[in-house]
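Colleague: Sequence:
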Amino acid sequence: MKSLSEGLDSLFSRYDPDGRHYLFTKVCENWRTIVGDEDADLVSPVERKKNTLILGAHDSIVIQELTFRKDDLLEKVNAYCGKVLFDNLKVELLKGRVPLDASLVQNPVAGLKPQRPARLGSLLGTLPRGSAIARCYAKYVEFFNTTGKL
1 MKSLSEGLDS LFSRYDPDGR HYLFTKVCEN WRTIVGDEDA DLVSPVERKK
51 NTLILGAHDS IVIQELTFRK DDLLEKVNAY CGKVLFDNLK VELLKGRVPL
101 DASLVQNPVA GLKPQRPARL GSLLGTLPRG SAIARCYAKY VEFFNTTGKL
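Per my numbering, the very first residue in the sequence shown carries number 1; after that it's consecutive.
Incorrect hints may appear among the rest.
Claimed, not checked - Listed next, the in silico DSSO-like pairs over lysine-lysine satisfying Cα-Cα at most 30 angstroms (straight line): (1) 76 - 49; (2) 76 - 26; (3) 139 - 83; (4) 50 - 83; (5) 49 - 95; (6) 83 - 49; (7) 70 - 49; (8) 95 - 76; (9) 70 - 50; (10) 26 - 70; (11) 83 - 70; (12) 139 - 50; (13) 70 - 95; (14) 90 - 70; (15) 50 - 26; (16) 76 - 90; (17) 50 - 90; (18) 26 - 49; (19) 90 - 49; (20) 95 - 50; (21) 50 - 76; (22) 26 - 90.
Said to hold, decoys possible - If you anchor each label on the Cβ, the simulated ranges turn out as follows: (23) 83 - 122: 55 to 63 angstroms; (24) 26 - 117: 36 to 44 angstroms; (25) 75 - 25: 32 to 40 angstroms; (26) 36 - 60: 19 to 27 angstroms; (27) 124 - 84: 52 to 60 angstroms.
The set of hints was computed from the structure by calculation and includes no laboratory data. No experiment lies behind these values; they were computed from the predicted model shown. Using N, Cα and C, we set each Cβ at its ideal position, and we do this for glycine too.
Make the full structure from the sequences, and use the hints.
Modeller: This is the structure:
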């Protein structure tokens, strides 16, 4: 019998043999630590295409500034990965894309507080017994009756 860790390692090695996807995920999760607060406030990772790291910025002035410092950013990212994961870096306008850095990855609903509906539970006896919608609604009611937290 394999441990969970061994099973996951086997799965990842099959679908991500060189670890590129895993490392890119780690870069996104630790972006602020890798590049520092100043650069993390300016750009965030938005995607990767083969060996190119694509960062998103809110305005074109940032793009111009980071064009001159892209080698420094690449060096920091590759040092964190322990190997040359990216050999090119592009900075583009976000244009509605969602950055993949840790603040969104780790807590996508920060600041949202669910409010208990006024008639919560009133549908419990009216939905088809044992149906997916009835089970889902029961969990929804249970959520507010027990914790009320996300």
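Colleague: Decide, hint by hint, whether the structure agrees.
Modeller: Status of each hint after checking the structure:
1. Distance restraint check for residue 76 and residue 49: the Cα-Cα separation of roughly 18 angstroms lies within the 30 angstroms cut-off, and the hinted pair is therefore satisfied.
2. Between residue 76 and residue 26 the CA atoms are separated by roughly 13 angstroms; this keeps the pair inside 30 angstroms, and the hint holds.
3. At roughly 45 angstroms between alpha-carbon atoms, residue 139 and residue 83 are farther apart than 30 angstroms, so this suggested pair is violated.
4. For the given pair, residue 50 sits about 15 angstroms from residue 83 by alpha-carbon distance, which is consistent with the 30 angstroms threshold.
5. Between the alpha carbons of residue 49 and residue 95 the distance comes to roughly 18 angstroms, so the proposed pair stays at or under 30 angstroms and holds.
6. For the hint pairing residue 83 with residue 49, the CA-to-CA distance comes to about 17 angstroms; that is within 30 angstroms, so the pair holds.
7. Taken as a hint, the residue 70 and residue 49 pair is honoured in the structure, with Cα atoms around 16 angstroms apart against an allowance of 30 angstroms.
8. The straight-line distance between the Cα atoms of residue 95 and residue 76 is roughly 26 angstroms, inside the 30 angstroms bound, and the hint therefore holds.
9. A distance of roughly 17 angstroms separates the Cα atoms of residue 70 and residue 50; the hinted pair therefore holds under the 30 angstroms criterion.
10. A distance of roughly 19 angstroms separates the Cα atoms of residue 26 and residue 70; the hinted pair therefore holds under the 30 angstroms criterion.
11. Between residue 83 and residue 70 the alpha-carbon distance is near 17 angstroms, which keeps this suggested pair within the 30 angstroms criterion.
12. For the hint pairing residue 139 with residue 50, the CA-to-CA distance comes to about 42 angstroms; that exceeds 30 angstroms, so the pair is violated.
13. As the CA atoms of residue 70 and residue 95 are separated by approximately 21 angstroms, the hinted pair is consistent with the 30 angstroms bound.
14. Using a Cα cut-off of 30 angstroms, the hinted pair residue 90 and residue 70 holds, with the two alpha carbons roughly 8 angstroms apart.
15. With a C-alpha separation of about 16 angstroms, the suggested pair residue 50 and residue 26 falls inside the 30 angstroms cut-off, and the hint holds.
16. Restraint check for residue 76 and residue 90: satisfied, since their Cα atoms lie roughly 15 angstroms apart, inside the 30 angstroms limit.
17. Between the alpha carbons of residue 50 and residue 90 the distance comes to roughly 12 angstroms, so the proposed pair stays at or under 30 angstroms and holds.
18. In summary, the hint linking residue 26 to residue 49 is supported, as the alpha carbons are separated by about 16 angstroms, within the 30 angstroms threshold.
19. Only pairs whose Cα atoms come within 30 angstroms are accepted, and residue 90 paired with residue 49 is accepted, the gap being roughly 10 angstroms.
20. Taken as a hint, the residue 95 and residue 50 pair is honoured in the structure, with Cα atoms around 22 angstroms apart against an allowance of 30 angstroms.
21. With a C-alpha separation of about 18 angstroms, the suggested pair residue 50 and residue 76 falls inside the 30 angstroms cut-off, and the hint holds.
22. Annotation: proposed proximity of residue 26 to residue 90 holds, straight-line Cα distance about 19 angstroms (limit 30 angstroms).
23. Distance hint for residue 83 and residue 122: a CB-CB separation of about 58 angstroms, consistent with the stated range 55 to 63 angstroms.
24. Range check, residue 26 to residue 117: Cβ separation about 39 angstroms, and the 36 to 44 angstroms hint holds.
25. In this structure the supplied range 32 to 40 angstroms is violated for residue 75 paired with residue 25, their Cβ-Cβ distance being about 20 angstroms.
26. For the pair residue 36 and residue 60, the supplied restraint of 19 to 27 angstroms holds, since their beta-carbon distance comes to about 22 angstroms.
27. Under the hint 52 to 60 angstroms, the C-beta atoms of residue 124 and residue 84, about 57 angstroms apart, fit the expected range.
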